[in-house]
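*Asks:* In case you want the letters, here they are:
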Amino acid sequence: MRAQLTQRMLLSLVLGLLFLSTAATGSCSGKYQGLLEQLRSQADYMQDTSRLLDPYIHIQGLDTSGLKEHCKERPGVFPSEDALWRLSRWDFLQILNATLGQVLHRLTTFQQDLPQLKDLGMVMLYIRGFQSNIHCMCQLLGSSSEAAKPTQASPAPPLPTLASDAFQRKLEGCRFLSGYHHFMHSVAQVLREWGKSPRRIRRHSPRQALQKGAHGTHLFSRGRRLAPSGQLPW
Amino acid sequence: MAVFAVFQTTFLLALLSWRTYQSEALSEPLPLTPESLKVSINSTQQCLHLQWSVHSLAYHQELKMVFQIEISRFNTSNVIWVENYSTTVKWKQVLHWNWESELPLECATHFVRIRSMVDNARIPEPRSWSSWSSWEEVDERNSLGHGALFVFPKDKLVEEGSSVTICSISRSYQNNVSCLLEGVQMRGEQLDPNVSAFHLNNVPFIRETGTNIFCTTGRGDGTGTVLFVSKVLEEPRDFSCETPDFKTLHCTWDPGSDTGLPKRQPSQSYTLFESFSGKKILCEHKNWCNWQVAQDSQEMYNFTLTTENYLRKRGVNILFNLTHRVRPMTPFNVVFKNISDTNATMTWQVHSIGNYSTLFCQIELHGEGKVIQHNVSIKVNGNYLLSELEPDTQYMAQVRCGDANHFWKWSEWIGKNFSTLEAAPSEAPDVWRNVKSEPGYQTVTLFWKPLSKSHANEKILFYNVVIENLDEPSKLQLHSIPAPANGTKLTLDQCSYQIHVTANNSVGTSPASVIVVSGDTGNKVEEERVNVTEDGFSMSWKPQPGDVTGYVVEWCDHPRDLPCDLQWEKLGPNTTSTVISSDAFIPGVRYNFRIYGISTKRIAYLLEQKTGYSQELAPSDNPQVVMSNLTSHSFTLSWKDYSTESQPGFIRGYHVYLKSKEGECHPGFEKAILPDDSVSCKYKIYNPEQKTFVVENLQPESFYEFFVTPYTSVGEGPLDAFTKVTTPDEHSHLLIRIILPTVFCVLLIMIICYLNSQWMKEKCYPDIPDPYKSSVLSLIKSKENPRLTIMSVKDCIPDAIEVINKPEGSKIQFLGSRNSLTDTEITQPAYLYLLPTEKNSSGPGPCICFENFTYNQAASNSGCCGHVPVPPEAPSQLGLLTSPENLLKVLENNYMNSLGEIPAGETTLNYVSQLVLPLSRDKDSLQTDPPVPALCSEYKMQMAIPLGLASPPPNEKSSVSSVTLLDQGEPHH
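Line order of the protein sequences matches chains A and B.
According to our numbering, the first sequence is numbered sequentially starting from 6.
According to our numbering, the second sequence is numbered sequentially starting from 244.
These are computed hints drawn from the structure, not numbers from a lab.
No false leads were slipped in.
Distance condition first, Cα-Cα at most 20 Å in a straight line; then the derived EDC-like pairs of lysine to aspartate or glutamate:
(1) A/Lys123 <-> B/Glu451
(2) A/Lys77 <-> A/Asp59
(3) A/Lys77 <-> B/Glu425
(4) A/Lys73 <-> B/Glu425
(5) B/Lys397 <-> A/Glu177
(6) A/Lys73 <-> B/Asp464
(7) B/Lys397 <-> A/Asp170
(8) A/Lys77 <-> B/Asp464
Note that the structure is predicted; figures quoted are calculated from it, not measured.
The whole structure should be built from the sequences, with the hints applied where relevant.
*Replies:* Here it is, written out as structure tokens:
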């Protein structure tokens, strides 16, 4: 148990430094594979429910029978994995960046309500670092003039207004975190596919994704696919 | 003018009539009905809020009235609450009243009505109620929205241990609503087809984020609510205030549990109110608060500490005189001055608490594992002389102060470390010696104990040993022994010596410890046993006449080891007893103590020797018992090698166990049951020095078992195997006395006879000549079979047989001719020659020559046997005799017994025999009779020939040989 905790802390430290390295230096790495690898690792880290969802459920007392079942992601809050697959890389990054901005906003309210959620501050730090890497990837993929600026470049997708009573807020928070982790899992899946052969990558138009896709993705429908740089798969 | 008059009259009439009306109203109950009743709901407080007014009141009129309020639930007939509310009502006043509902108001329709009655003493009884107002209905269910299921109250805040009612509203009649409190089903009450209530008593605090209540219908949809349960607000404990400087008051308290709930209720607040000054401050901290002392020399303070949260408010009060609540600030600037090896001066400063105030300070000195307290009164600066310190020792001194006039509390401690200076060892080392006298010299081993830290005063670097020859004072020796040695060995002659031992550190030398050794080996004393008590070995000795400066008791902590770890205890001259104890003492080990007296000349002389065990044990081993003198009635046991000194207890004697088949015990023995539950006879030997025992009264030819074990005061030795013994026959010794001489005599006679027989034999029956030297072996050698076999006569084909009649000296020759033997007269005795038929004259021929030296010794010696040529073709007149078959038969008949069981071809012996022929025989008889030995004829001797010696030397030509090897057809002479 102690060893696991130490391992986890070590991983957190490494990833934290990884996230911060880009954000702190302010300069982007020009290596596509390196950046992609970082994005993958960071997405893998953020899909781990032990970071936020599991402690949240425990703190709120939702880990009882009857309540756990109501802690499932509500469709439409986050873009579905299918919708993400259909996006161009550029649009994918735009939507990812905007969604993470909204997540940050929501986590800020958590931070005020739930000081017991110890990892929350660190997770928010990681998300900001992840957004910086998205920014760098956008720069690699296309024109830097239209590259997404972290957190403020894209409008945040609307999230359901907070319920008035505490019970519903508990459930909504739980569902939100469940959706967040699932969303990051989908992001990791897509990013994992980016490193493979171009022929194997599923590619659909963003419009298709929007028609079928999640509730929040319509905010990013303006995004256009930019020409990738020469050495990249597209 | 007339108009004015009419108006004035009308006004007066009106005024009169109003006065009349008013007087009537005061004298009778007034029908003042509450009007404008409005009912609203405060969901957060779960309160019904009523407001109404009494319109009938006159201008500026004030009336004390009673309002009766009725509340119904679900329908007007279900009245659940009736309350009278008394108040003074003013003109145009809007009245308010709240009612807190146990059941959440959202879950039921409530109806409210009100009536009033004047409660005025001037109005005589009976007074009457006004009429009821109309029912006012309050129903929140219409505004709930479109959910299927609702649970109330929402986010209710309650204290731990309180009671709460939860209600659920279902839109459908068919829904069976069940509610869980933290996953545990709650028992509900159906208030209405759509409404259920769940009563919770003594709700616990589970978590800060609230207790979850989740309700669900049978169709899977569900909702819930959170009950925020806070800890009960506690009254602050240990509330007190004190001042360090008459400028500020520092008030502290124990707040108890925090009742704060995130986002629902902040932690309880604390306010401090002083009643004399009327000042009030909100404390920023939950357990302390600072109050600025007024400059107006206020001495008395009455503080009220109030704590409150959303649910409760509590307060505590203290009243005190400021001068009695002085706690000085921590002293500062602690310095140690004038530090020597045993003294140091401690100085410190304190913060002033007033011009004339005196402080009482306490100093604690920590060092050497001890704490010493000193008290001192000071004004501003304090100092204290710390004396009687140990040299070269680290100390920690700390000081704290309190108000000497009205002591309230000590200040905090402030302390500092310091070390005293080093000094020379203050005490002589404790020295003892062990003297071993050898011829011409003595070996003195000095031992000393390390000085205690308090006496060493610093690390001991070395010990100086000065040896002074008392017989020749000019001779001095100095030995420096580096620490941490605790002894040294000296070899001295037989003179008397005075030895000075000092311990030295870097500062100086300790006083000397002096002992004297002389060449006298001292007297020998008897060893006594020492008493053992719970405290150790208790020993005493007789006081010595004359001047004795002290006594020394000496012993070894580990007597079985080398070195034995010599210990000693020095005692004063008036002491004649002591108790020796040591952690090293172990049970079962014998300790020897020697008590010395020390003379005024510092010479130690042995007074007494004592020995004992701290705890005796049973013997660990048994003696090796030797049995001797075994007779049919007794035997002797002895174990003289058994050492009683090395046993784990004083051997008090021995037990001899004896077992017999009869099971009867002999006199002196008693029956005993052994540890293995067997029964034996036991004899007790009470003298440990007796190490032999004669077991008597035994039965002859009987089986006994014995076993000897020592015993101490604790018990006997381990049970070993019994030794078995069988007593001999009673007459056997007699027989031995007779038989042995008889046998000896017989043997002697036999030896004499044997010797005589040899002589007789040599004289009467001389040995047959050595067959090895006989030429017959050459015949055997010529055979194909290299192995020596029984010589067979039939293997020989005689060519001629010569029979020599010695007296006549004639001889018959068979020269290979076919001449008949009848032509020749045969005389006796005769030699029989078997001549070879083969031509090979060089090798041994298949010829056997029988010689009978017994009967013809002279002939034998003549060597004539080899001089008779026998032609191969010579006809044999003794054909029957010399034919292999006949000859073999003869031999076989005579030799069969001699051959015994030895198979032919395997035996390593060959037999050669001599044959005696009949002395007088005619040729016929010779021809016809087989060569059966006659009765008078005999084989003188049989002889065994070893295989290796079977081949005779080729040049052998012995005079005694009766075999002549002849080449066939060639005569030999």
